[in-house]
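Asker: All chains, please: the whole structure from these sequences, using the hints.
There are 2 protein chains.
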Amino acid sequence: MDLLSVHLDKTIDTPLYEQLYEFIKQEIIQERLPYGQKLPSKRKLANHLEVSQNTVETAFEQLIAEGYLTSRPRMGFYVLAHGDLEFVEHASAPEKQISKADEEPSILFDFSPNKIDTEAFPFSVWRSLNRQVIDESHHDLLLLGDGQGDRQLRAAIAHYVYHARGIDCDPDTIVVGAGIEVLMQQLLSLLPRSTIFGIEDPGYQLMVKLITHFGFLGRPLDMNEEGVSIEAVRLLEPDYIYVTPSNHFPYGTVTSINRRSQLLQWANEGEDRYIIEDDYDSEFRYTGKTIPPMKKMDASGHVIYLGSFSKSLIPSLRISYMILPKKLLEQYRNRLTFQQSTVSRIDQHILARFIQTGHFEKHLNRMRKIYRRKFEFIHQLFEPYKPSIQLLGEQSGLHVVCEVRNGLTEKEILRRAEQERIKLYPISYYASKNVIVSHPQFVIGFAGMREEEIEEAVKHVITIFQL
Amino acid sequence: MDLLSVHLDKTIDTPLYEQLYEFIKQEIIQERLPYGQKLPSKRKLANHLEVSQNTVETAFEQLIAEGYLTSRPRMGFYVLAHGDLEFVEHASAPEKQISKADEEPSILFDFSPNKIDTEAFPFSVWRSLNRQVIDESHHDLLLLGDGQGDRQLRAAIAHYVYHARGIDCDPDTIVVGAGIEVLMQQLLSLLPRSTIFGIEDPGYQLMVKLITHFGFLGRPLDMNEEGVSIEAVRLLEPDYIYVTPSNHFPYGTVTSINRRSQLLQWANEGEDRYIIEDDYDSEFRYTGKTIPPMKKMDASGHVIYLGSFSKSLIPSLRISYMILPKKLLEQYRNRLTFQQSTVSRIDQHILARFIQTGHFEKHLNRMRKIYRRKFEFIHQLFEPYKPSIQLLGEQSGLHVVCEVRNGLTEKEILRRAEQERIKLYPISYYASKNVIVSHPQFVIGFAGMREEEIEEAVKHVITIFQL
Chain Y
1 MDLLSVHLDK TIDTPLYEQL YEFIKQEIIQ ERLPYGQKLP SKRKLANHLE
51 VSQNTVETAF EQLIAEGYLT SRPRMGFYVL AHGDLEFVEH ASAPEKQISK
101 ADEEPSILFD FSPNKIDTEA FPFSVWRSLN RQVIDESHHD LLLLGDGQGD
151 RQLRAAIAHY VYHARGIDCD PDTIVVGAGI EVLMQQLLSL LPRSTIFGIE
201 DPGYQLMVKL ITHFGFLGRP LDMNEEGVSI EAVRLLEPDY IYVTPSNHFP
251 YGTVTSINRR SQLLQWANEG EDRYIIEDDY DSEFRYTGKT IPPMKKMDAS
301 GHVIYLGSFS KSLIPSLRIS YMILPKKLLE QYRNRLTFQQ STVSRIDQHI
351 LARFIQTGHF EKHLNRMRKI YRRKFEFIHQ LFEPYKPSIQ LLGEQSGLHV
401 VCEVRNGLTE KEILRRAEQE RIKLYPISYY ASKNVIVSHP QFVIGFAGMR
451 EEEIEEAVKH VITIFQL
Chain G
1 MDLLSVHLDK TIDTPLYEQL YEFIKQEIIQ ERLPYGQKLP SKRKLANHLE
51 VSQNTVETAF EQLIAEGYLT SRPRMGFYVL AHGDLEFVEH ASAPEKQISK
101 ADEEPSILFD FSPNKIDTEA FPFSVWRSLN RQVIDESHHD LLLLGDGQGD
151 RQLRAAIAHY VYHARGIDCD PDTIVVGAGI EVLMQQLLSL LPRSTIFGIE
201 DPGYQLMVKL ITHFGFLGRP LDMNEEGVSI EAVRLLEPDY IYVTPSNHFP
251 YGTVTSINRR SQLLQWANEG EDRYIIEDDY DSEFRYTGKT IPPMKKMDAS
301 GHVIYLGSFS KSLIPSLRIS YMILPKKLLE QYRNRLTFQQ STVSRIDQHI
351 LARFIQTGHF EKHLNRMRKI YRRKFEFIHQ LFEPYKPSIQ LLGEQSGLHV
401 VCEVRNGLTE KEILRRAEQE RIKLYPISYY ASKNVIVSHP QFVIGFAGMR
451 EEEIEEAVKH VITIFQL
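So the protein lines, in turn, are chains Y and G.
Numbering (this note's numbering) for the first sequence: 1 to 467.
Numbering (this note's numbering) for the second sequence: 1 to 467.
Some hints here could point you the wrong way.
The list treats identical chains as interchangeable, and a pair is accepted whether it falls inside one copy or across any two copies.
[Said to hold, decoys possible] Using 16 Å as the maximum straight-line C-alpha spacing, the simulated EDC-like pairs for lysine to aspartate or glutamate come out as follows:
| # | residue 1 | residue 2 |
| --- | --- | --- |
| 1 | Lys289 | Glu226 |
| 2 | Lys326 | Asp168 |
| 3 | Lys459 | Asp140 |
| 4 | Lys289 | Glu22 |
| 5 | Lys327 | Glu418 |
| 6 | Lys289 | Glu18 |
| 7 | Lys433 | Glu410 |
| 8 | Lys10 | Glu22 |
| 9 | Lys44 | Glu410 |
| 10 | Lys423 | Asp170 |
| 11 | Lys289 | Asp13 |
| 12 | Lys411 | Glu271 |
Please keep in mind that the hints were generated in silico from the structure rather than gathered at the bench.
Answerer: Pasting the structure below:
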């Protein structure tokens, strides 16, 4: 190394040791300092550069740590790096070219069934619970908790499902996760690759995508007025079926008691047959009592119950849960030992308090009233256009299905909707090609709109639906 | 149905319609009302029971919804349920017997390397950011956001990795997730089953478990003083290697610049070869500059960078991220379309603000000082026992490795530690059987203890380590 060529600038911000480090590193990368070359001693270099020996030492230490130099005891410092350093110190090529797809042209009205009413969210209660939980006295909540979710939240969920859905479960059978998809991925990871899934058709297409993405066979099961067809189940011989018995997506059909019994019978015939019951939107039923879940009838442990706070509270919170039958729970515990909880522990305790203090129940009652009013309002708005425009489905949920019986095709309606910047969700989005409907149908989500918006949106959509 | 046998009690809380519903349901379940049986008209039943017709109607509607009855237009109401109802209405057998394993006997000192100092967490800043984000003006944050994580957080992370780690990446290449395990599961789901992983040995055993749990071959790669052995990589011919180049777990070895170059060279030789760089604990280096990550040298897109806020902030927050090379990012976007973000959107925005407002940097500087003091303290405590008890490893991280060179075996030391209720983590926990150390070694995590505790704990552990 040509010691004379080092120039350290004491007037700039960069520390001297860092300037020296950078200089020597570049000399090595440029191969001006070859492999094996001995460096001058720290003292000598310090004297020459008129810096403290400490400065040289710090620079050398960093170069040693990064593997450019090595120190041999009582021998001195040698260049360690050699060979092909072509990948080193290229500024990493930022992949700026990858940007997200351009946003769609601005939408006037979006009938997505995945929205909720955000105006009634109890912000102040939530803030106050945050303030209580994020507190110096809760140091322990900063560390990792239980992989299945903290006991407090699981106990609160057990309490809730008992009182709201009649399910008597031990909190230890509950797994909390960051969304139904995360829980399903955990469940799928426990199953043999040959597992076959039967899925309601029409139904929740995300589940079909998820199951097939993870390499499992997911086949559609026909629906009839009593729920998923038992003949279709018997014909397919699946290991697992995915159903929404209390409120079929998207029609709202309630699976009849007979059909439930037949499905449970089917599951009980095989040791490893399971029913995945997604108790989706069950909170929002506007007439009579809520429909009891199948899990309530599951005496022999063949029902996996999925619940979520996405619709009942807020989707962006990402908290869902599953209740596992004993056999699967044991597998979960024995095999998913690496799995930490996927939900912030602070959020878990906030939600647990929200449930325990009765705020959740209050919120649900309030939302039920709000959604019922919107539901009735939308029915009223469509009423004059019967029977050529007809609403289908049960007295429940956050969307209706609208059937257009005047000869217009789905394609034509979608073309018109796009022109008018209205986002419509045809039933074909939610079904395999097997499902044939005689008239075009659309899922009309109303939960996220205010009444004035609903009125305006329906006015627009009716002109689109009319000949 | 024997109408005379219905008894509705007007003095109790249960609504009349619910009593009637329950009565009819039980009649059907007990098969006293057989399949196909016609029920009396609503009017007739209402008169007989001296209740309003509305009460009967509500009860019938619920029974219809649940599939016990059917209504035939202009004909009346008929029993629909029949056949084998044996699974119905059993109280679900609560699986109370499944309780978690009993807690271990109370531990006096736990040297887990997974703890952090929780006393220095900026509770009041965090609370105040919570208050700002959970606000009526942020309705939109209640709805689902971007599956990769909200842009604001990704931009804040991009800013952070640029300034702290020198990585220049587009925020669109970042995926935010609820922990490294969740992100790894997403990544694994994109790979063919035949993908072979090479993993540093000793190393992060959770990763080995995770990779093998998801059905992939994960093989150990020997380590030497320059990092993971390039000969071992060449011999195994893996598709992916998992490495911790800036701070090897658990020894703290820094992968030399040569080895980095060789590894990048290896990756560049195959189109689908990738280096998973877990930049674990890189924030906590106590001498010199931080070690630059390999991602910084990754000009050709073969490095997947994993980062986490578990150690640098708090583990219970469950926020980690990965920076994907272009090709994998495209696969992620095209194939994981069902994947919603696994992190609460409110938490994402709180963290984004924490970073953007400089609080994160301030926190890191503060923690670096605290941990350095503890690190130096622990070295000082062990100093008098050299060379029979020796600390290994770099000037970094939240743990040290302690080697006991006096002939005591690992087994004997663990037996003593258990007796003294001290939780020790031998190196064998973190290694495959291939790894042979000549003297027993233990990972000594110190981050979660106060200095007085460290002093006390080390005093105990030294008596255990001595002949």
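Asker: Can you tell me if Lys10 and Glu22 fall within 16 Å by alpha carbon in one copy, between copies, both or neither?
Answerer: Within one copy only: 15 Å inside, 89 Å across.
Asker: First find the shortest C-alpha distance between Lys289 and Asp13 inside one copy, then the shortest across copies, and answer within, between, both or neither for a cut-off of 16 Å.
Answerer: Cα proximity of Lys289 and Asp13: across copies only (15 Å, versus 72 Å in one copy).
Asker: State whether the alpha carbon distance between Lys423 and Asp170 is at most 16 Å within one copy, between copies, both, or neither.
Answerer: Neither, since 43 Å and 31 Å both go past 16 Å.
Asker: Pop the pair Lys459 and Asp140 into one bin, within, between, both or neither, using alpha-carbon distances up to 16 Å.
Answerer: neither (54 Å within a copy, 25 Å between copies)
Asker: Could you place Lys289 and Glu22 in one of the four classes (within, between, both, neither) given a Cα distance threshold of 16 Å?
Answerer: between (74 Å within a copy, 11 Å between copies)
Asker: Within a copy, between copies, both or neither: which one fits Lys326 and Asp168 at a CA-CA cutoff of 16 Å?
Answerer: Intra 14 Å, inter 49 Å, cutoff 16 Å: intra-copy only.
Asker: Is it within a copy, between copies, both, or neither that the alpha carbon of Lys289 lies no farther than 16 Å from that of Glu18?
Answerer: between (73 Å within a copy, 8 Å between copies)
Asker: Please work out whether the CA atoms of Lys289 and Glu226 approach to 16 Å or closer within one copy, between two copies, in both situations, or in neither?
Answerer: Intra 19 Å, inter 68 Å, cutoff 16 Å: neither.
Asker: One pair to classify: Lys433 and Glu410, alpha carbons no more than 16 Å apart. Within, between, both, or neither?
Answerer: within (14 Å within a copy, 63 Å between copies)
Asker: Is it within, between, both or neither when you check Lys44 against Glu410 at 16 Å Cα-Cα?
Answerer: neither (84 Å within a copy, 46 Å between copies)
Asker: Between the shortest in-copy and the shortest cross-copy C-alpha distance, which are at most 16 Å for Lys411 and Glu271: within, between, both, or neither?
Answerer: Result: close neither inside a copy nor across copies, 46 Å intra and 42 Å inter.
Asker: With identical chains treated as interchangeable, where does the CA-CA distance between Lys327 and Glu418 reach 16 Å or less: within a copy, between copies, both, or neither?
Answerer: neither (49 Å within a copy, 32 Å between copies)
The structure shown violates the earlier hints numbered 1, 3, 5, 9, 10, 12.
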